Amino acid sequence: MVVEKKLKNYIPIVGEEVIAQLEQLSRALAGKIIVHINSTREGGGVAEILERMVVLMNELGLKTYWEVIQADGNFFQITKKLHNSLQGWEQDFPKNWLDQYMEVNEANAQKFKPLLENADFVFIHDPQPLPIIYFFPKRKGKWIWRCHIDLSQPHRPIWKQIKPLVELYDASIFSLVNFSQPLNHPMYIIPPSIDPLSDKNRELSPEEIDRYREEFNLDPQKQILLQVSRFDRFKDPIGVIRAFKMVREHQPVQLVLAGGGATDDPEGGQVLQEVLEVAEGEEDIHILNLPPESDLAINALQRMATIVLQKSLREGFGLTVTEALWKSKPVIGGEAGGIKLQVINYHTGFLVNTPEGAALRIRYLLEHPELIKQMGEKGHKFVKENFLLTRHLRDYLVLMIGILYGGRNLIEL
Amino acid sequence: MAEPFRIKDCALVTISTGASAQNLREFCQLLQRVPVESIYSHFYEGLLRFSFDDPEFRNDFAQWAKRALHDSVLAERLGIIDPHDYPTLEHLREALVEIVEDRLYETRYIPWARRGEEFYFLVSQTVVFDTGLVARSPRQLAQLIPRLSPSSIYYHFIEARRRLENKMDDFTFWLQSFGDEYQELVQRLSEIEYYFCSLSELRDRLARAFAPWQTGSKKRLKEKAR
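Residue numbers (the numbering used here), protein chains in the order written: chain A, 1 to 413; chain B, 1 to 226.
Simulated from the structure, these hints should not be mistaken for laboratory data. Do not rely on the hints blindly, as some may be mistaken.
Okay, derived cross-link-like pairs now, BS3-like style, lysine-lysine, Cα gap no bigger than 27 Å in a straight line [to be verified]:
#, chain 1, residue 1, chain 2, residue 2
1, A, K340, B, K167
2, A, K63, A, K245
3, A, K63, A, K6
4, A, K8, A, K381
5, A, K80, A, K63
6, A, K384, A, K340
7, B, K66, A, K381
8, B, K167, A, K378
9, A, K81, A, K63
Derived, one-sided and incomplete: chain B residues facing chain A with beta-carbon distance under 8 Å [claimed, not checked]:
#, residue
10, A95
11, Y120
12, V123
Model, not experiment: these values are computed from the prediction. Ideal placement from N, C-alpha and C gives every residue a C-beta, glycine not left out.
Isolated chain A (complex conformation) (with noise of 0.2 Å):
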């Protein structure tokens, strides 16, 4: 679902200047066509992040596409696995994997053809539709690569197999340096966003956020400990539940693991059983399991919790953490990925390597309100600076500018 939006809204947020300058930098790119593909249009943060970028770039004159590739189970299954592997996990990637993920980017590449061969700018997001480049060997626009996930230490079996297809793009973006590998192209460094005026992030009046509280039986009494996130090992639920339990011991709290699936993570729902197992029979553990189309209930959520925890083991950027913080909220995390960009120890909260650091942190937070009332608006300022949509657009700008221009320094319009 695409919802409407105006950059003027942004203008109480962000201030004049700021969207004075997208329109600015976007009048050297009019008209000029940018199509955006992906694997998924719903879950996630990749598709929340296309969803209003978009709108935004079409509001600014650029004809802007977003597509999303065309699978089975079994390509998911595949791309999973190079996913994981990507970041990090040893596993097994037989060849015959190899060959039905090119031969599903084939029939993509067919079908998004005519689109693709008249685009100025393509962008691919992620390693699923990654091989779509090879189908277009004489491609007209400029093609990057948007690699959303940590590529710091990927298995190097499989990275030697994925990292020619990367070096057919003219460029690639990734979300922080240490996530980069050493490639035949400029690598831009760009950290995604979260867009203040979406349902997930929108201010909201105490009767919503009470509507929910009623809706997901959760005890107005006690304070609440929340973790969102996709039901996925390397966000380490089992590890959350774990702390929760220490701090039990010591403090009346609630938790609430909230998470859904997305279609391109197959592996969702055996992640889930494992941790309803855990947490059965134990009232003071929600486990909400919510639908896509979810996030006024994750945005009411954030704002009843008194800690966020994001105790990932891997971590992208970890748009959730973004989340809390915007909303106000220390956040506990693990010492993983973007999240050690936006957690800083005593500023807006805490990092963590242990379930029993997660414990201990939570506890000394509980013990102190008057912290959690400073860390959290030194979360909100600092995401309003570095981590609004607005910001985000601009960095798209200003790169495809770069790119137009033909990579000099300085560029002057």
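Once you've looked at the hints, dock chain B against the given chain A.
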């Protein structure tokens, strides 16, 4: 009659050079061969990149020496360097290499950074665009200064020193086209220690320097008297 002052703004995007150093010796080797723009970038363009806290040192090299290598001596020596004190960026590079080589000679072991805390050499692509704002007199410019974006301040007051002869900022360059009339304002601008400011702090300091010129001459005399 001087040309009107056209207010420009800029936006940059960061690019990895692909070069990263795990220890001080690698850092020293890479420092000698990365594009010279990368060295500039790590001194000044950090002002336009996001950061959570107010850093202890104003350039990325000193910051890395302190945070990742835990070498305070090196951090202090690198931290005091102001690139505009050197005639060219290659001279700046030589000075940096000299400091790092001296430190390698002094220390009995090679300082290492933990995995994940390597130094990544970056460069930037900066796009400059016209904001449409124009000042036809220093008085109009004085009125506009408090409204300028941090990136506009960066472009006119810091980046300008790379473009203009004598490492001058755009405001000073323009004010000098009025002869000696604004010498006092020029003097005020030259006294601003921009190297130790964030961009919003710098905007505030510029606004204070320009403030007496926001109004007519009589009011200005009163403002200055205060």
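Each hint, compared with the structure:
1. A:K340 / B:K167: Violated, at roughly 38 Å.
2. A:K63 / A:K245: Cα-Cα ~52 Å, so violated.
3. A:K63 / A:K6: Given pair K63 (chain A), K6 (chain A) holds - Cα atoms ~16 Å apart, limit 27 Å.
4. A:K8 / A:K381: Holds. K8 (chain A) to K381 (chain A) sits at ~21 Å (cutoff 27 Å).
5. A:K80 / A:K63: Since the Cα atoms of K80 (chain A) and K63 (chain A) sit roughly 31 Å apart, the hinted pair is violated (cutoff 27 Å).
6. A:K384 / A:K340: Holds. K384 (chain A) to K340 (chain A) sits at ~18 Å (cutoff 27 Å).
7. B:K66 / A:K381: holds, 26 Å
8. B:K167 / A:K378: Given pair K167 (chain B), K378 (chain A) is violated - Cα atoms ~37 Å apart, limit 27 Å.
9. A:K81 / A:K63: Given pair K81 (chain A), K63 (chain A) is violated - Cα atoms ~34 Å apart, limit 27 Å.
10. A95: Because about 22 Å separates A95 (chain B) from the closest Cβ in chain A, which is outside the 8 Å limit, the hint is violated.
11. Y120: Holds: closest Cβ of chain A sits about 4 Å from Y120 (chain B), inside 8 Å.
12. V123: holds, 7 Å
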